[in-house]
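Number of protein chains: 2
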Amino acid sequence: MPEEEQIVNKEEKENVVYIGKKPTMNYVLAVVTQFNNGMNEVTIKARGNAISRAVDVKEIVQNKFMPNVKERSIKTSSEELTNEDGTKSKVSAIQIVLGK
Amino acid sequence: MPEEEQIVNKEEKENVVYIGKKPTMNYVLAVVTQFNNGMNEVTIKARGNAISRAVDVKEIVQNKFMPNVKERSIKTSSEELTNEDGTKSKVSAIQIVLGK
Chain A
1 MPEEEQIVNK EEKENVVYIG KKPTMNYVLA VVTQFNNGMN EVTIKARGNA ISRAVDVKEI
61 VQNKFMPNVK ERSIKTSSEE LTNEDGTKSK VSAIQIVLGK
Chain B
1 MPEEEQIVNK EEKENVVYIG KKPTMNYVLA VVTQFNNGMN EVTIKARGNA ISRAVDVKEI
61 VQNKFMPNVK ERSIKTSSEE LTNEDGTKSK VSAIQIVLGK
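Top line first, the protein sequences correspond to chains A and B.
Going by the UniProt record's numbering, the first residue of the first sequence is number 1, and it counts up by one from there.
Going by the UniProt record's numbering, the first residue of the second sequence is number 1, and it counts up by one from there.
Hints may contain errors.
DSBU-like mimics (lysine-lysine), calculated; alpha carbons at most 35 angstroms apart, straight line [said to hold, decoys possible]:
| # | chain 1 | residue 1 | chain 2 | residue 2 |
| --- | --- | --- | --- | --- |
| 1 | B | Lys64 | A | Lys64 |
| 2 | A | Lys22 | B | Lys22 |
| 3 | B | Lys90 | B | Lys21 |
| 4 | B | Lys22 | A | Lys100 |
| 5 | B | Lys75 | A | Lys45 |
| 6 | A | Lys45 | B | Lys88 |
| 7 | A | Lys21 | B | Lys64 |
| 8 | A | Lys88 | B | Lys88 |
| 9 | B | Lys75 | A | Lys22 |
| 10 | B | Lys88 | B | Lys22 |
| 11 | B | Lys90 | A | Lys70 |
| 12 | A | Lys90 | A | Lys70 |
| 13 | A | Lys64 | B | Lys75 |
| 14 | A | Lys70 | B | Lys45 |
| 15 | A | Lys21 | A | Lys100 |
| 16 | B | Lys70 | B | Lys21 |
| 17 | B | Lys100 | A | Lys22 |
| 18 | A | Lys21 | B | Lys88 |
| 19 | B | Lys22 | A | Lys88 |
| 20 | A | Lys70 | B | Lys75 |
| 21 | A | Lys88 | A | Lys64 |
| 22 | A | Lys70 | B | Lys70 |
| 23 | A | Lys75 | B | Lys90 |
| 24 | A | Lys75 | B | Lys21 |
| 25 | A | Lys88 | B | Lys70 |
| 26 | B | Lys45 | A | Lys21 |
| 27 | B | Lys88 | B | Lys45 |
| 28 | A | Lys64 | B | Lys88 |
| 29 | B | Lys70 | A | Lys45 |
| 30 | B | Lys88 | A | Lys70 |
| 31 | B | Lys70 | A | Lys21 |
| 32 | B | Lys45 | A | Lys75 |
| 33 | B | Lys22 | A | Lys21 |
| 34 | A | Lys88 | B | Lys100 |
| 35 | A | Lys75 | B | Lys22 |
| 36 | B | Lys21 | A | Lys45 |
| 37 | B | Lys21 | A | Lys88 |
| 38 | A | Lys75 | B | Lys64 |
Just so you know, these hints were derived from the structure itself, not from any lab.
Kindly produce the complete structure, drawing on both the sequences and the hints.
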């Protein structure tokens with residue numbers, strides 16, 4: 001994925017929101033928009049330090065915008081990244097599935 | 001809890017590890033120590049930006065130190081904090097329960 005990360009990954013399924021460095025509310029609105037566009041399930045994905053923001057997005061969506069949206073699952077994993085100098089490093093990842 | 005946070009909260013149950021600003025490995029070793037001291041279950045708790053580190057701790061404990069330790073549950077919530085000037089603000093929190 002290009003450095004200038006996209007909020008909603010077009011190539012993949014429509015309902016995945018990748019958390020990056022933008023303000024939290026950008027992602028909250030992206031999730032809410034997906035649900036308003038008729039999606040029954042939206043997945044929030046994040047890695048590294050963005051994991052905290054992913055949890056913020058979930059909590060704000062559920063508590064402030066869409067109380068009827070429930071948590072379906074939260075999964076964590078470790079992913080391997082290849083650095084610019086070719087070395088490999090591990091980063092944690094989270095996947096939060098919300099559903100109506 | 002005093003600013004100089006404690007890794008393991010003595011007053012509370014022994015098996016809760018609070019993630020703060022210390023290096024990740026401090027918390028990994030705290031979790032591993034709890035299990036080695038005979039605990040069957042250890043809870044990792046974190047708020048705000050420390051949530052990412054909590055997920056790191058979980059992943060490192062499971063992948064590098066104790067492959068037999070399984071995830072029992074991951075819960076997120078919103079907590080209200082009172083700032084120094086008396087105003088209130090919300091912060092996300094995570095609770096990860098690991099078990100043998």
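Now the hints, each set against the structure:
{"no.": "1", "hint": "B/Lys64 to A/Lys64", "result": "38 angstroms, violated"}
{"no.": "2", "hint": "A/Lys22 to B/Lys22", "result": "26 angstroms, holds"}
{"no.": "3", "hint": "B/Lys90 to B/Lys21", "result": "19 angstroms, holds"}
{"no.": "4", "hint": "B/Lys22 to A/Lys100", "result": "38 angstroms, violated"}
{"no.": "5", "hint": "B/Lys75 to A/Lys45", "result": "16 angstroms, holds"}
{"no.": "6", "hint": "A/Lys45 to B/Lys88", "result": "29 angstroms, holds"}
{"no.": "7", "hint": "A/Lys21 to B/Lys64", "result": "29 angstroms, holds"}
{"no.": "8", "hint": "A/Lys88 to B/Lys88", "result": "42 angstroms, violated"}
{"no.": "9", "hint": "B/Lys75 to A/Lys22", "result": "25 angstroms, holds"}
{"no.": "10", "hint": "B/Lys88 to B/Lys22", "result": "26 angstroms, holds"}
{"no.": "11", "hint": "B/Lys90 to A/Lys70", "result": "20 angstroms, holds"}
{"no.": "12", "hint": "A/Lys90 to A/Lys70", "result": "30 angstroms, holds"}
{"no.": "13", "hint": "A/Lys64 to B/Lys75", "result": "18 angstroms, holds"}
{"no.": "14", "hint": "A/Lys70 to B/Lys45", "result": "22 angstroms, holds"}
{"no.": "15", "hint": "A/Lys21 to A/Lys100", "result": "27 angstroms, holds"}
{"no.": "16", "hint": "B/Lys70 to B/Lys21", "result": "25 angstroms, holds"}
{"no.": "17", "hint": "B/Lys100 to A/Lys22", "result": "38 angstroms, violated"}
{"no.": "18", "hint": "A/Lys21 to B/Lys88", "result": "25 angstroms, holds"}
{"no.": "19", "hint": "B/Lys22 to A/Lys88", "result": "24 angstroms, holds"}
{"no.": "20", "hint": "A/Lys70 to B/Lys75", "result": "12 angstroms, holds"}
{"no.": "21", "hint": "A/Lys88 to A/Lys64", "result": "39 angstroms, violated"}
{"no.": "22", "hint": "A/Lys70 to B/Lys70", "result": "24 angstroms, holds"}
{"no.": "23", "hint": "A/Lys75 to B/Lys90", "result": "24 angstroms, holds"}
{"no.": "24", "hint": "A/Lys75 to B/Lys21", "result": "24 angstroms, holds"}
{"no.": "25", "hint": "A/Lys88 to B/Lys70", "result": "26 angstroms, holds"}
{"no.": "26", "hint": "B/Lys45 to A/Lys21", "result": "24 angstroms, holds"}
{"no.": "27", "hint": "B/Lys88 to B/Lys45", "result": "21 angstroms, holds"}
{"no.": "28", "hint": "A/Lys64 to B/Lys88", "result": "16 angstroms, holds"}
{"no.": "29", "hint": "B/Lys70 to A/Lys45", "result": "22 angstroms, holds"}
{"no.": "30", "hint": "B/Lys88 to A/Lys70", "result": "26 angstroms, holds"}
{"no.": "31", "hint": "B/Lys70 to A/Lys21", "result": "31 angstroms, holds"}
{"no.": "32", "hint": "B/Lys45 to A/Lys75", "result": "16 angstroms, holds"}
{"no.": "33", "hint": "B/Lys22 to A/Lys21", "result": "23 angstroms, holds"}
{"no.": "34", "hint": "A/Lys88 to B/Lys100", "result": "30 angstroms, holds"}
{"no.": "35", "hint": "A/Lys75 to B/Lys22", "result": "25 angstroms, holds"}
{"no.": "36", "hint": "B/Lys21 to A/Lys45", "result": "24 angstroms, holds"}
{"no.": "37", "hint": "B/Lys21 to A/Lys88", "result": "25 angstroms, holds"}
{"no.": "38", "hint": "A/Lys75 to B/Lys64", "result": "18 angstroms, holds"}
Hint check: violations occur at hints 1, 4, 8, 17 and 21; the rest are consistent with the structure.
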